[in-house]
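The lines below spell out each chain.
Number of protein chains: 2
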Amino acid sequence: MKKLQNIIWEYVSVLAGGLLVILFFAAGSISVSSADSHAMFEPKFNAAGEMIRPEGTREWVYIGTPLTPNSLNAPEAPFPEFHNVYIDPESWGHYKKTGNFRDRTVIAKELTLVGDTAATSGNGFFMGEFSGFEIAYKSTKHFPNEPGNWAYFSFGHQPEPYNATAAKQPVAACAACHIAAAAEDMVFTQYYPVVRAAKPK
Amino acid sequence: MKKLQNIIWEYVSVLAGGLLVILFFAAGSISVSSADSHAMFEPKFNAAGEMIRPEGTREWVYIGTPLTPNSLNAPEAPFPEFHNVYIDPESWGHYKKTGNFRDRTVIAKELTLVGDTAATSGNGFFMGEFSGFEIAYKSTKHFPNEPGNWAYFSFGHQPEPYNATAAKQPVAACAACHIAAAAEDMVFTQYYPVVRAAKPK
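The listed protein sequences correspond, in order, to chains A and B.
All you need for the working numbering is the position in the first sequence, starting with 1, plus 1.
All you need for the working numbering is the position in the second sequence, starting with 1, plus 1.
The hints are all genuine.
In silico EDC-like links for lysine to aspartate or glutamate, alpha-carbon gap of 16 Å or less:
id, chain 1, residue 1, chain 2, residue 2
1, A, Lys110, A, Glu161
2, A, Lys45, A, Glu56
3, B, Lys200, A, Glu60
4, B, Lys200, B, Glu185
5, A, Lys110, A, Glu130
6, B, Lys200, A, Glu130
7, B, Lys97, A, Glu60
8, A, Lys142, A, Glu43
9, A, Lys200, B, Glu130
10, A, Lys169, A, Glu147
11, B, Lys169, B, Glu147
12, A, Lys202, A, Glu185
13, B, Lys110, B, Glu60
14, A, Lys97, B, Glu60
15, A, Lys110, A, Glu56
16, B, Lys142, B, Glu43
17, B, Lys97, B, Glu185
18, A, Lys200, B, Glu60
Derived from the structure by calculation, the hints contain no laboratory data.
Please read these numbers as outputs of a predicted model, since none were measured by experiment.
Let the hints inform the model, and build the full structure from the sequences given.
Structure follows, in structure tokens:
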């Protein structure tokens with residue numbers, strides 16, 4: 002009986018060991034897919050080198066809304082009118098830890114027209130319909146020669162559907178202004194209290 | 002030897018069966034905790050029945066920003082001035098499927114003062130510092146007698162730190178206005194294009 006027990010325990014040990022190995026690899030594959038998830042948010046480019054419009058940005062982390070109403074920028078604001086600005090969730094996690102916009106940071110700006118100008122909460126500006134979509138993308142790989150490695154893409158100032166692809170804007174069109182925020186890696190953090198509050202002290 | 006093999010296989014079978022049972026319950030507890038994850042976002046209440054201020058709302062799903070500047074609402078807007086509005090992620094998932102704000106929906110409103118009124122992007126309104134925090138919470142369990150089962154909480158119109166707890170506002174203070182949006186379950190969806198776009202057709 003002693004020998005029988007030994008044999009059984011040997012089998013049991015091998016079986017349990019095998020299961021541990023399986024569980025180890027399963028856990029490993031989970032953590033690998035998590036570490037690699039930034040790729041989820043990286044924009045893709047077509048054969049012509051144009052960016053394919055990223056989707057799902059309305060569920061990214063919101064950082065703020067500058068508002069430039071057409072009524073204050075006759076005949077029309079350069080970016081009409083609300084600018085809802087988001088950062089991709091992976092880069093946000095990195096920012097909260099380091100205070101830096103990491104390589105491959107994506108910032109999305111969705112424009113919305115002013116709708117009503119009065120409501121029960123007071124006089125002001127209330128969002129109407131979507132009116133445009135733009136992306137800023139920081140990538141040393143894609144933009145080694147752009148200031149701060151940021152490039153800017155506009156998918157149209159228009160109602161949905163926005164354009165499916167966009168070519169990189171010339172430096173004079175976007176970076177030339179953003180460079181004023183060089184101390185904050187070309188992001189106008191002075192208009193984004195959410196970002197300022199999250200920056201490590 | 003035949004008998005020994007049978008005994009070993011019996012042990013192995015029992016062991017494997019036991020492991021399957023363990024895995025089944027482990028998977029069950031994972032899916033239970035997932036199905037129950039809405040509890041992550043449900044506000045807690047103290048012994049006095051006051052809501053304890055929820056944290057992490059800046060990473061919820063953003064739905065829009067009404068703006069009521071003090072300059073248009075002398076001497077001061079009822080809600081100064083930008084209203085950054087978020088919905089808890091679980092209730093957002095439910096809304097996208099059903100078009101309804103489910104029981105236990107939490108909507109957070111963080112107020113921000115106007116900072117600059119001109120930038121390279123034009124004349125307008127740019128966010129300055131945070132200025133207040135409020136919650137709307139729909140709960141049949143907690144508020145069986147409130148209109149739509151929504152109750153409203155203000156944690157102060159002030160810079161951070163906001164108040165740690167808040168008592169439910171009287172119906173006349175909040176619900177009396179929100180009831181104008183009764184067709185949209187007391188949420189002013191006309192000011193939130195993100196919500197309108199997500200509503201199933």
